[in-house]
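Asks: Based on these hints, arrange chain B on the given structure of chain A.
Here is what each chain is made of, one letter per residue.
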Amino acid sequence: MRRYVDLNVEMELFLKNPVSRVAHEIKRSGFHGVALSSDPNTNSGSLKSIRESMREHGLDVAFRVNFEPRSRQELLKFLRRNRMRFEVIGVKPLTNELATVSARDHRVDLIYYDLSKRNTVFRESVAHVCVGALEIQVRPLVALSARGGIHEIFARLMREVRIAVEHDIPIVVTSSARELSEIKAARDMAALAECLGLSGGGSLDAVSRNPMEIISRNRLKLSERYIMEGVQLLGDV
Amino acid sequence: MDWKTLYSGFIKTLTNLFGEFGLARVELRSIASKDNLIIIRCRRGEEHMVRCAALMLTSMDGQPVKARTLRVSGTLKSLKRFLSRDSI
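Those protein sequences? They're chains A and B, same order as listed.
Going by the working numbering, the first sequence opens with residue 1, and the numbers climb by one from there.
Going by the working numbering, the second sequence opens with residue 1, and the numbers climb by one from there.
Check the hints yourself; a few may be wrong.
As the list claims (entries may be wrong) - EDC-like cross-link-like pairs, simulated, lysine to aspartate or glutamate; straight-line CA separation at most 16 Å:
id : chain 1 : residue 1 : chain 2 : residue 2
1  : B       : 66        : A       : 60
2  : B       : 66        : A       : 25
3  : A       : 48        : A       : 10
4  : B       : 34        : B       : 2
5  : B       : 66        : A       : 182
6  : A       : 48        : A       : 60
Hints in this document: simulated from the structure, not taken from any laboratory.
As the structure is a prediction and not an experimental result, all values here were calculated from the model.
Chain A on its own, in the form it takes in the complex (with noise of 0.2 Å):
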């Protein structure tokens, strides 16, 4: 049975709203874990309240960052210090070389970019590189959606899928949910990735194998057995 995850629930959801009534709409849609995105300053009391209270209610719980660099340097340097606080980083470029830095950081696990921006796009250059996943977020999509030119942004999603899937890199969908209203059924947004060109296996994956295969991978790296690539302590520590 596939397990559903959304990797990017942002920390405003819980303070609009009480967790119990958060984790019962995540369950309605579907979903058995979600990240949940906080600035790196949050306090992690808080983070760690949340987790135990959404881990009553049968959800896992991830800890996530989102950045945006705006050089080089700022980005490496937010990387070395939120790296192992955090079990995903995602991260928004501004410009195209930003992309290209990101994209190639073995830290990074999502690369996500703003769909009001032409000129940044997921490009062949930085495809080339990737090591991550590329991320599709639902709420800027429908926020835009609203405003009309959609067939814009699908042509360039469509665009950046293809793309992507011919360089095997992998594709997550998430909700980006701020508000009860903005979480989405899984399996609809697995509906989303197949009308972007995915397939119908892939798609799935993109809401459930795909997010999980980050989280568990990191957390593995973040744990105590591991040691490095490939090498990682067995038995009592």
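Replies: Quick look at chain B alone, frame taken from chain A:
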């Protein structure tokens, strides 16, 4: 919200996303509705387009709306059995 408003909202979103040609390809029909639930029929193999429309549907007649696919099935019988369960 009555089923006509819901159904026309779906038609509008589908047309916005996929155009008249896409709408024709889906062969959308409303079968039944009750309270906030609506059963929609579409052509087999095109259900992802209807699901995508449900995802993108945010407002109808100026009111905020959230649509979610609860179940996809090939027969009305199994859908009605699903809807009669207490969990819905």
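Asks: With reference to the structure, classify each hint as holding or not holding.
Replies: Hint check results:
no. : hint         : in the structure
1   : 66/B x 60/A  : violated (24 Å)
2   : 66/B x 25/A  : holds (12 Å)
3   : 48/A x 10/A  : holds (15 Å)
4   : 34/B x 2/B   : holds (9 Å)
5   : 66/B x 182/A : holds (8 Å)
6   : 48/A x 60/A  : holds (12 Å)
Violation of the numbered hints given earlier is confined to hint 1; every other hint is satisfied by the structure.
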